[in-house]
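**Student:** This is what each chain is made of:
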Amino acid sequence: MDTFEKRLVVALAIFAIGMVIHFTEAVDEKAQFFIFLAAYLIGGYDVLVTALRNIAKGQFLDEKFLMLIASVGAFVIGSWQEGAAVMLFFQVGEWFEGRAVRTTRQSISDLMDIQPEYANLVKDGEVVRVDPEEVQIGDMVEVLPGEKVPLDGSIVDGRSSLDTSALTGESVPRSVGPGDEVFSGSVNVSAKFRMCVTKEYEDSTVSKVLELVEDSISRKAPVEKFITKFARYYTPAVVFSAVLVAVIPILLGYDPETWIYRALTFLVVSCPCAVVISVPLGYFCGIGAASKMGILVKGGNYLEALAHADTVVFDKTGTLTEGRFGIDSKEAVGCTEDELVLMAAMAESGSNHPIAISLKKECKEGFDYSRIGASEDRPGRGVITEIDGDRIAVGNRKLMDEVGAAPTAEDGIHTVVHIAKNGAYMGKITLSDIIKPTSAETVRELKENGIKRTIMLSGDAKPIGEEVASKIGLDEAHCELMPADKIAYLEKIIQDKAEKSNVVYVGDGINDAPSISRADIGVAMGGLGSDAAIEAADVVIMDDAPEKICTSIRLARRTNFIVKQNIVFALGVKFLILALSLFGIANMWMAVFGDVGVAVVAILNSMRCLRTSIYEKK
Amino acid sequence: MKVVLKLEGLDCANCAAKIEKAVSKIQGVEDVNVVFMTQKLSFTTESEDVDALVEQISKESMKASSDVKSVRRIK
Numbered sequence: 196m197d198t199f200e201k202r203l204v205v206a207l208a209i210f211a212i213g214m215v216i217h218f219t220e221a222v223d224e225k226a227q228f229f230i231f232l233a234a235y236l237i238g239g240y241d242v243l244v245t246a247l248r249n250i251a252k253g254q255f256l257d258e259k260f261l262m263l264i265a266s267v268g269a270f271v272i273g274s275w276q277e278g279a280a281v282m283l284f285f286q287v288g289e290w291f292e293g294r295a296v297r298t299t300r301q302s303i304s305d306l307m308d309i310q311p312e313y314a315n316l317v318k319d320g321e322v323v324r325v326d327p328e329e330v331q332i333g334d335m336v337e338v339l340p341g342e343k344v345p346l347d348g349s350i351v352d353g354r355s356s357l358d359t360s361a362l363t364g365e366s367v368p369r370s371v372g373p374g375d376e377v378f379s380g381s382v383n384v385s386a387k388f389r390m391c392v393t394k395e396y397e398d399s400t401v402s403k404v405l406e407l408v409e410d411s412i413s414r415k416a417p418v419e420k421f422i423t424k425f426a427r428y429y430t431p432a433v434v435f436s437a438v439l440v441a442v443i444p445i446l447l448g449y450d451p452e453t454w455i456y457r458a459l460t461f462l463v464v465s466c467p468c469a470v471v472i473s474v475p476l477g478y479f480c481g482i483g484a485a486s487k488m489g490i491l492v493k494g495g496n497y498l499e500a501l502a503h504a505d506t507v508v509f510d511k512t513g514t515l516t517e518g519r520f521g522i523d524s525k526e527a528v529g530c531t532e533d534e535l536v537l538m539a540a541m542a543e544s545g546s547n548h549p550i551a552i553s554l555k556k557e558c559k560e561g562f563d564y565s566r567i568g569a570s571e572d573r574p575g576r577g578v579i580t581e582i583d584g585d586r587i588a589v590g591n592r593k594l595m596d597e598v599g600a601a602p603t604a605e606d607g608i609h610t611v612v613h614i615a616k617n618g619a620y621m622g623k624i625t626l627s628d629i630i631k632p633t634s635a636e637t638v639r640e641l642k643e644n645g646i647k648r649t650i651m652l653s654g655d656a657k658p659i660g661e662e663v664a665s666k667i668g669l670d671e672a673h674c675e676l677m678p679a680d681k682i683a684y685l686e687k688i689i690q691d692k693a694e695k696s697n698v699v700y701v702g703d704g705i706n707d708a709p710s711i712s713r714a715d716i717g718v719a720m721g722g723l724g725s726d727a728a729i730e731a732a733d734v735v736i737m738d739d740a741p742e743k744i745c746t747s748i749r750l751a752r753r754t755n756f757i758v759k760q761n762i763v764f765a766l767g768v769k770f771l772i773l774a775l776s777l778f779g780i781a782n783m784w785m786a787v788f789g790d791v792g793v794a795v796v797a798i799l800n801s802m803r804c805l806r807t808s809i810y811e812k813k
Numbered sequence: 334m335k336v337v338l339k340l341e342g343l344d345c346a347n348c349a350a351k352i353e354k355a356v357s358k359i360q361g362v363e364d365v366n367v368v369f370m371t372q373k374l375s376f377t378t379e380s381e382d383v384d385a386l387v388e389q390i391s392k393e394s395m396k397a398s399s400d401v402k403s404v405r406r407i408k
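If you read the protein sequences in the order shown, they are chains A and B. Numbering follows my numbering, in which position 384 of the first sequence is assigned residue number 579; successive positions increment by one, without gaps. Numbering follows my numbering, in which position 2 of the second sequence is assigned residue number 335; successive positions increment by one, without gaps.
Keep in mind that the hints were calculated from the coordinates and are not lab data. For each residue, glycine too, the CB sits at the ideal point set by N, CA and C. A hint or two may mislead.
Said to hold, decoys possible - No more than 25 Å apart at the CA atoms, straight line, and that leaves these computed lysine to any residue pairs for SDA-like:
hint, chain 1, residue 1, chain 2, residue 2
1, B, K396, A, L247
2, B, K339, A, M307
3, B, K396, A, F199
4, A, K420, B, M395
5, A, K252, B, K335
6, B, K358, A, T430
7, B, K392, A, V244
8, B, K358, A, N249
9, B, K396, A, T245
10, A, K759, A, T807
11, A, K201, B, K373
12, B, K339, A, K759
13, B, K373, A, V325
14, B, K335, A, L405
15, B, K335, A, S712
16, B, K354, A, A251
17, B, K396, A, G792
18, B, K408, A, V325
19, A, K415, B, S375
20, B, K408, A, D398
21, B, K358, A, A774
22, A, K415, B, A385
23, B, K373, A, S302
24, B, K392, A, I250
25, A, K487, B, K373
26, A, K424, B, D364
27, B, K354, A, Q254
28, A, K424, B, K373
29, B, K335, A, P417
Claimed, not checked - Pulled from the structure, derived: some chain A residues nowhere near chain B, Cβ distances all over 12 Å:
hint, residue
30, I272
31, S356
32, V367
33, F562
34, I689
35, I809
To be verified - What the simulated footprint calls covered on chain A by chain B, stretch by stretch (three residues with Cβ under 8 Å from a Cβ of chain B suffice, anywhere in the stretch; the number is not a length):
hint, region
36, 242 to 254
37, 286 to 300
38, 403 to 414
39, 475 to 486
40, 608 to 618
Could you put together the complete structure from these sequences and hints?
**Tutor:** Here's what the structure looks like:
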């Protein structure tokens with residue numbers, strides 16, 4: 196307990212004794228007055244001092260000044276209990292507000308606890324601890340188990356697994372080995388490794404993320420701007436009304452004490468602090484919760500815009516699909532499917548083409564490179580490689596014609612690789628861009644959450660694009676679009692949208708940056724390690740999980756809802772108390788609740804935005 | 334040039350709004366943004382003498398809200 200808290204406790208205790216005495220009438224009125232005055236002064240003398248100092252500076256209408264008038268006024272007309280209560284509970288409210296704000300600040304910085312404190316720099320064979328900012332590109336850094344990766348780089352020596360949950364929200368550790376890229380802010384889980392630094396600290400992922408979160412808070416949502424503006428007029432208006440409430444009836448000859456009491460009640464609810472504080476607090480908590488889940492929202496304004504989204508436009512490759520080839524189907528003629536894949540993979544083993552890589556991936560057991568002989572490239576057709584002395588041709592139809600093999604069926608819409616052995620047809624492998632496992636679920640969930648249109652824009656051939664779209668369950672697919680066409684299409688979608696609703700565009704941020712910035716809300720996926728994506732988007736999803744689009748929208752809606760709840764609740768209660776006290780129904784006790792109670796409730800309500808567990812899968 | 338100040342002690346959203354309004358009136362100071370959650374005030378300026386501006390801003394901030402205990406430049 197600090198001195199302020201101690202003082203407040205003492206003052207509240209005296210106040211409580213005073214109330215007991217007041218109801219039991221143990222001592223006379225005069226003695227009661229001194230008890231309440233003592234509680235008042237102990238609890239609120241600092242408010243009095245500041246208020247008087249502000250008056251000297253010419254600052255009226257300050258909340259402390261208003262509390263001073265209200266409480267002193269109550270004492271003057273003989274309502275000592277109320278006078279003391281107004282001041283003490285005002286102080287309780289201040290204490291609570293300060294505490295709530297500090298707690299929130301702390302929990303946000305805990306959420307964002309990704310800042311590395313040091314780096315183990317390897318220099319002349321020795322390991323020295325240095326500030327990450329001192330490390331330069333090309334330096335070698337050692338990372339021990341349990342430590343944070345201090346800078347971005349690539350592994351030179353050692354294997355381990357990394358926990359990237361603080362960056363991406365993904366809790367499954369990622370295994371890494373020599374040559375793999377690692378990002379600052381992830382935590383080394385299992386074993387020591389050494390890495391070569393590829394980016395300076397200020398360009399590393401951790402700095403980018405922290406900067407982004409910091410900046411996000413300064414982009415205020417329209418609601419917040421409105422409320423600040425509202426607050427500017429609210430206090431003077433209430434104070435002015437209080438003056439009228441006191442003066443007019445007295446001039447008309449009514450009982451001065453009753454009307455002064457009512458006017459003072461007005462002053463007690465004249466501070467809009469509850470609302471003004473709960474709005475930014477709500478957005479702050481919402482942005483914090485999103486960051487914890489690996490979703491970086493660049494401002495409260497985007498959170499508000501996202502809540503009104505009703506159209507989601509997706510880029511296909513890399514967003515809904517993995518952006519790499521996977522085997523769709525295999526058709527072997529006179530051999531097993533495994534043999535077919537093995538032959539194709541061995542024949543293509545010298546190539547780095549995406550198709551070759553996918554084929555190699557499919558042979559999980561690996562293969563004996565000594566079986567592979569000379570290989571000839573046939574540009575635009577494929578490759579012919581000698582394996583165990585046989586001539587294996589792997590490629591398209593033209594290559595089959597060349598070696599005299601006859602494929603059994605038409606190719607269809609996808610990429611097809613034909614294989615022939617010494618001119619005899621062995622079969623074919625069909626490959627296509629793999630749809631992400633959660634894409635269909637994401638689209639379904641978006642629809643459940645009231646998204647009216649889900650659209651895919653793709654540069655792919657129509658049959659392929661439409662097949663993907665129908666597998667995922669999208670409403671519309673527009674294919675064979677050049678980058679410029681995508682923008683034009685997006686424009687059209689934005690024109691067609693319903694009033695007050697927003698269009699979200701989701702892409703990978705690399706080749707669709709213009710679309711991302713054109714949409715009402717641009718979302719980039721795979722932000723981890725991609726500066727372009729982080730730069731361009733309003734919302735960055737750190738990993739490649741499309742389902743987080745849905746999470747973002749749900750979080751945005753919930754945050755917005757809580758913020759609105761607070762505004763309606765706080766202003767509703769205040770106006771109600773104003774109206775009731777005008778007719779003498781509400782008293783100063785109710786006004787104290789209307790001020791402090793409302794602030795406490797609104798703040799606690801705002802802090803609910805911090806919860807992330809409700810977005811988890813059941 | 335973008336300057337960021339830390340307003341130590343700022344704990345009230347209403348005060349933040351008041352400070353923002355007061356500081357916006359200072360000549361040579363543009364795009365003032367006060368965020369009470371992070372206790373930060375940012376602004377842009379083309380003035381050569383940033384220190385003098387900071388001095389003036391800190392005076393205005395403390396005048397607008399008695400909660401502000403100190404003003405420190407962090408960027």
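**Student:** Against this structure, judge whether each hint is valid.
**Tutor:** Results of checking the hints against the structure:
A hinted pair counts as satisfied when its Cα atoms are at most 25 Å apart, and B:K396 with A:L247 qualifies at roughly 13 Å. For the suggested pair B:K339 and A:M307, the alpha carbons sit about 20 Å apart, so the restraint of at most 25 Å is met. For the hint pairing B:K396 with A:F199, the CA-to-CA distance comes to about 23 Å; that is within 25 Å, so the pair holds. A distance of roughly 22 Å separates the Cα atoms of A:K420 and B:M395; the hinted pair therefore holds under the 25 Å criterion.
With a C-alpha separation of about 30 Å, the suggested pair A:K252 and B:K335 falls outside the 25 Å cut-off, and the hint is violated. For the given pair, B:K358 sits about 21 Å from A:T430 by alpha-carbon distance, which is consistent with the 25 Å threshold. Taking the CA atoms of B:K392 and A:V244, the gap is near 20 Å; set against the 25 Å cutoff, the hint holds. At most 25 Å may separate the alpha-carbon atoms for a hinted pair to count; B:K358 and A:N249 meet this at roughly 20 Å.
Annotation: proposed proximity of B:K396 to A:T245 holds, straight-line Cα distance about 11 Å (limit 25 Å). Pair hint A:K759 plus A:T807 holds up; C-alpha atoms about 20 Å apart against a cutoff of 25 Å. Between A:K201 and B:K373, the direct Cα distance comes to roughly 30 Å. Violation of the 25 Å bound is thereby established for this hinted pair. Among the hinted pairs, B:K339 with A:K759 is inconsistent with the structure: their alpha-carbon atoms are about 29 Å apart, more than 25 Å.
The suggested pairing of B:K373 with A:V325 is violated, with an alpha-carbon distance near 29 Å, which exceeds 25 Å. Pair hint B:K335 plus A:L405 holds up; C-alpha atoms about 18 Å apart against a cutoff of 25 Å. Under the criterion of a C-alpha separation no larger than 25 Å, the hint pairing B:K335 with A:S712 is consistent with the structure, at around 23 Å. At most 25 Å may separate the alpha-carbon atoms for a hinted pair to count; B:K354 and A:A251 meet this at roughly 21 Å.
This hinted pair does not check out: B:K396 and A:G792 have alpha carbons roughly 29 Å apart, beyond 25 Å. With a CA separation close to 23 Å, the supplied pair B:K408 and A:V325 stays within the 25 Å bound. For the hint linking A:K415 to B:S375, the alpha-carbon distance of about 13 Å falls within 25 Å, and the restraint holds. A hinted pair counts as satisfied when its Cα atoms are at most 25 Å apart, and B:K408 with A:D398 qualifies at roughly 17 Å.
Taking the CA atoms of B:K358 and A:A774, the gap is about 37 Å. The hint is violated against a cut of 25 Å. With a C-alpha separation of about 28 Å, the suggested pair A:K415 and B:A385 falls outside the 25 Å cut-off, and the hint is violated. With a C-alpha separation of about 18 Å, the suggested pairing of B:K373 with A:S302 holds against the 25 Å cut-off. Restraint check for B:K392 and A:I250: the C-alpha separation of about 17 Å stays at or below 25 Å, so the hint holds.
Restraint check for A:K487 and B:K373: satisfied, since their Cα atoms lie roughly 22 Å apart, inside the 25 Å limit. Using a Cα cut-off of 25 Å, the hinted pair A:K424 and B:D364 holds, with the two alpha carbons roughly 17 Å apart. At most 25 Å may separate the alpha-carbon atoms for a hinted pair to count; B:K354 and A:Q254 meet this at roughly 14 Å. Proposed proximity of A:K424 and B:K373 is supported: the alpha carbons are some 20 Å apart, at most 25 Å.
Restraint check for B:K335 and A:P417: the C-alpha separation of about 23 Å stays at or below 25 Å, so the hint holds. In this structure A:I272 is separated from chain B by more than 12 Å, as the shortest Cβ-Cβ distance comes to about 28 Å. At the 12 Å boundary, the C-beta of A:S356 stays outside the reach of chain B, the nearest C-beta of that chain being 34 Å off. No beta-carbon of chain B is positioned within 12 Å of the beta-carbon of A:V367; the least distance is around 32 Å.
The Cβ of A:F562 sits about 57 Å from the closest Cβ of chain B, beyond the 12 Å cut-off, so the non-interface label holds. Every CB of chain B is more than 12 Å from the CB of A:I689 (nearest about 28 Å), matching its label as outside the interface. Every C-beta of chain B lies more than 12 Å from that of A:I809, the closest at about 22 Å, which supports listing it as non-interface. Given a C-beta distance limit of less than 8 Å, the hint that chain B covers the region 242 to 254 of chain A holds, as 5 residues qualify and 3 suffice.
Counting residues of the region 286 to 300 of chain A whose C-beta lies closer than 8 Å to any C-beta of chain B gives 5; at least three are required, and the coverage claim holds. Beta-carbon proximity to chain B at under 8 Å applies to 3 residues in the region 403 to 414 of chain A; the threshold of 3 is reached and the given coverage holds. Proximity of the region 475 to 486 of chain A to chain B, defined as three or more residues with a beta carbon under 8 Å from a beta carbon of that chain, is established by the 3 residues found. Under a criterion of three residues with beta carbons nearer than 8 Å to beta carbons of chain B, the stated coverage of the region 608 to 618 of chain A fails, only 0 such residues being counted.
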